[in-house]
Amino acid sequence: MSGGVDSAVAAARAVEAGHDVVGVHLALSRMPGTLRTGSRGCCTIEDSMDAQRVANLLEIPYYVWDFSERFKEDVVDDFVAEYTAGRTPNPCMRCNERIKFAALLEKALALGFDAVVTGHYAKVLPGPSGELELHRASAEAKDQSYVLGVLTAEQLAHAWFPLGDTPSKELVRQEAERRGLAVARKPDSYDICFIPDGDTKGWLADRVGETPGDIVDRTGAVVGSHDGAHAYTVGQRRGLRLGTPAPDGRPRFVLEVRPKENTVVVGPKEALATAEIAGSRFSWAGLDPVASGLVGADGEDFECEVQIRAHADPVPAVARIDRGGEGAAELVVRPTQPLDGVAPGQTAVVYVGTRVLGQCTIDRTVSAVPVGA
Amino acid sequence: MPVYLDHAATTPMRPEAVAALTAALGTVGNPASIHSAGQRAKRSLEESRAVVAATLDADPIELVFTGNGTEAINLAIKGLSWQRQHDAERPRIVLPAGEHHATLDTVEWLAAHEGAEIVELPLDELGRLDVDALAAELEANADRIALVTMLWANNEVGTVQPVARVAELTAAAGVPLHLDAVAAYGQLPVGLHALRAESGAQPGAGLVAISVSAHKIGGPAGIGALVLDRTGRIEPLIHGGGQQRRVRSGTQDVAAAASFAAAAEAVALRLDADAERMAALRDRLIAGVAAVAPDAVLSGDPAPSGRLPGNAHFAFPGCEGDSLLFLLDAAGVAVSTGSACQAGVPEPSHVLLAMGRSESEARGALRITLGHDSSEDDVDAFLAALPAAHERAAKAGLAARRTSFDR
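Protein sequences, first through last, are from chains S and Y.
Take the first sequence: its position 267, counting from 1, is numbered 270 in our numbering, and each next residue is one higher.
Take the second sequence: its position 397, counting from 1, is numbered 398 in our numbering, and each next residue is one higher.
Check the hints yourself; a few may be wrong.
[What the hints assert, rightly or not] Calculated cross-link-like contacts (lysine-lysine; reagent style DSSO-like; alpha-carbon spacing at most 27 Å):
{"no.": "1", "chain 1": "S", "residue 1": "K75", "chain 2": "S", "residue 2": "K204"}
{"no.": "2", "chain 1": "S", "residue 1": "K75", "chain 2": "Y", "residue 2": "K79"}
{"no.": "3", "chain 1": "Y", "residue 1": "K396", "chain 2": "S", "residue 2": "K103"}
{"no.": "4", "chain 1": "S", "residue 1": "K189", "chain 2": "S", "residue 2": "K172"}
{"no.": "5", "chain 1": "S", "residue 1": "K272", "chain 2": "S", "residue 2": "K75"}
{"no.": "6", "chain 1": "S", "residue 1": "K263", "chain 2": "S", "residue 2": "K189"}
Everything labelled a hint here was simulated from the structure, so no lab data went into it.
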């Protein structure tokens with residue numbers, strides 16, 4: 004129970020369904036702020052008190068469990084490491100993967116609970132063979148199946164998302180009002196919870212410092228300089244301050260961040276187009292494609308949709324599992340139309356209809372436009 | 002029937018304290034008023050003051066009622082520190098590690114805002130002050146020390162500090178000493194005059210101030226007291242109508258004082274017998290825990306006389322204190338992890354860290370504290386609930402480090 008409206012209503016529905024429910028607020032910071040600020044809706048003392056008020060109204064016990072150490076190691080440190088390696092991580096996914104549906108779930112099971120209930124907008128449904136599947140929520144605009152794409156069959160078996168069937172967030176807010184929950188109109192949280200002011204660039208600079216370096220074009224020619232490569236993300240156009248104009252006079256975009264060389268690679272918009280993405284860190288949210296009957300054997304292509312950001316539109320694609328001979332197996336996804344602005348470190352979630360099939364963390368991308376083309 | 006074993010947090014109000022409070026709430030009168038209603042209130046207040054002062058081996062004029070123990074501690078530390086700057090520069094505030102947050106946060110504030118120098122002396126593995134380190138500090142810096150402040154007994158692990166020795170050292174050095182007796186009061190004899198006399202204290206030096214709180218002894222929350230020796234000089238925190246020797250202005254709470262006095266009187270009448278009874282229950286509890294969890298480590302002094310009679314504190318290796326707390330709570334037994342909580346956010350105990358325990362050891366801490374109303378049945382109920390809770394918490398403890406969901 005973050006102190007927000009979604010987990011409050013999820014808890015209320017779980018209680019109403021007759022379960023023996025205990026409210027848990029995760030302490031993820033050793034130094035929580037006191038008051039809510041800006042658009043944030045979790046993690047301060049005030050939010051913890053909001054969650055407790057909901058638990059009191061529902062007449063359920065309420066505890067704060069401290070996962071601050073694991074959160075720092077598995078989410079915050081990982082976030083810094085990914086950025087320093089030139090990748091663009093999604094810390095909310097990492098938190099679901101490592102904290103909410105790993106550390107918290109395992110502790111809960113050990114303590115005698117059966118499931119973790121959250122206010123995520125997604126559905127867990129039985130598939131044709133009875134195996135559990137993860138699906139998009141009824142509330143399209145709020146669907147959070149993307150950030151849950153990392154869950155495995157075992158985790159889905161102990162997860163319950165009571166808001167999955169509700170057609171809109173507004174209905175959840177109305178229900179919260181009907182139930183007398185004080186958080187009914189509390190603003191949504193959008194920012195990364197451990198970067199309170201939303202200034203990711205400044206937060207990273209405080210931790211990893213800023214080392215000036217070169218901005219180069221795809222041929223390696225120096226066209227400008229930067230104050231720290233980690234401040235740049237693939238697809239970025241603004242703030243490049245290039246000294247040398249492009250020969251064709253057209254705007255240039257960040258194509259790649261190379262932390263080892265401390266360089267940022269820029270080029271024309273067309274060069275952002277990605278024809279193929281692949282990652283060796285992949286997982287299936289339930290049955291894998293073979294067991295799901297999508298492909299007869301490994302190595303064959305199957306049709307799907309791929310989504311590369313929490314709020315991006317899914318695009319049609321074909322995917323396959325490449326056993327890779329000597330190397331690690333990879334999930335390889337080729338969108339039917341090239342995708343723009345794909346960065347290593349992002350998660351590609353693969354859907355078949357509304358069903359989340361699985362996901363991979365993107366290790367490499369193949370540009371649709373070769374150098375010199 | 003829920004079992005309450007967290008008396009160090011707060012203890013149930015004694016029936017005589019409830020009776021005194023409710024009786025006094027029905028009367029009117031500001032003790033500062035001159036008319037008869039005021040005089041009746043004043044009489045009740047001063048009778049209460051005399052009773053509480055007597056339980057602390059002090060004269061009534063030496064007892065200053067405060068809003069709680071934390072306020073008494075703030076008043077002692079800030080008030081002495083400010084007063085001690087009048088005739089000389091004395092920036093040093095000397096204290097052992099592992100003090101209560103009421104002390105730690107106060108001295109940290111003085112350091113951050115007023116240039117105080119915090120001199121933190123080490124604890125041994127039992128949580129006891131290194132007296133030699135104090136002697137050395139007093140020897141080297143007596144003329145630059147504003148005050149020494151120390152817990153009479155530690156609120157988490159129950160270790161009783163070498164109070165008499167510290168009183169002697171500070172008396173000899175001419176430095177004022179404040180003792181935070183919030184945890185000790187009602188469990189051990191706590192008092193001013195005899196200790197001052199035995200330690201050879203001169204005016205304004207040695208033991209001059211003792212902080213206590215009513216709700217730890219079966220009185221109401223919302224009232225505490227600072228015992229301030231008549232020779233001790235202090236700057237007030239709160240200015241106003243000049244009540245209580247101008248040390249603590251503000252209309253005095255007659256009803257709370259009456260309730261505090263009723264609880265204090267009950268404590269004083271039976272202190273030895275109660276302490277003996279609590280110590281026997283505590284030893285039974287400690288033996289019972291050793292039988293259930295042989296690897297559990299008793300924190301603090303294992304010698305019965307070296308710890309508070311109501312305190313048992315353990316580190317359960319491989320378990321998290323908050324898991325044990327949750328499972329025992331679900332089984333109807335209220336205990337504590339013993340460490341500071343802000344809106345329920347746990348952090349590893351700075352006391353255990355100061356005693357040389359690791360963070361992971363500190364995470365397994367569980368404090369079980371007995372009080373005036375504790376019974377054998379309470380201890381038995383705890384010991385009956387512990388095996389299942391311990392087994393589950395050990396399983397859950399593994400989850401806190403690495404889980405089978407990791408990949």
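How the hints compare with the structure:
1. K75(S) with K204(S): holds, 18 Å
2. K75(S) with K79(Y): The hint is violated at about 37 Å.
3. K396(Y) with K103(S): Satisfied, since the Cα-Cα distance of roughly 18 Å is no more than 27 Å.
4. K189(S) with K172(S): Holds. K189(S) to K172(S) sits at ~12 Å (cutoff 27 Å).
5. K272(S) with K75(S): violated, 37 Å
6. K263(S) with K189(S): violated, 43 Å
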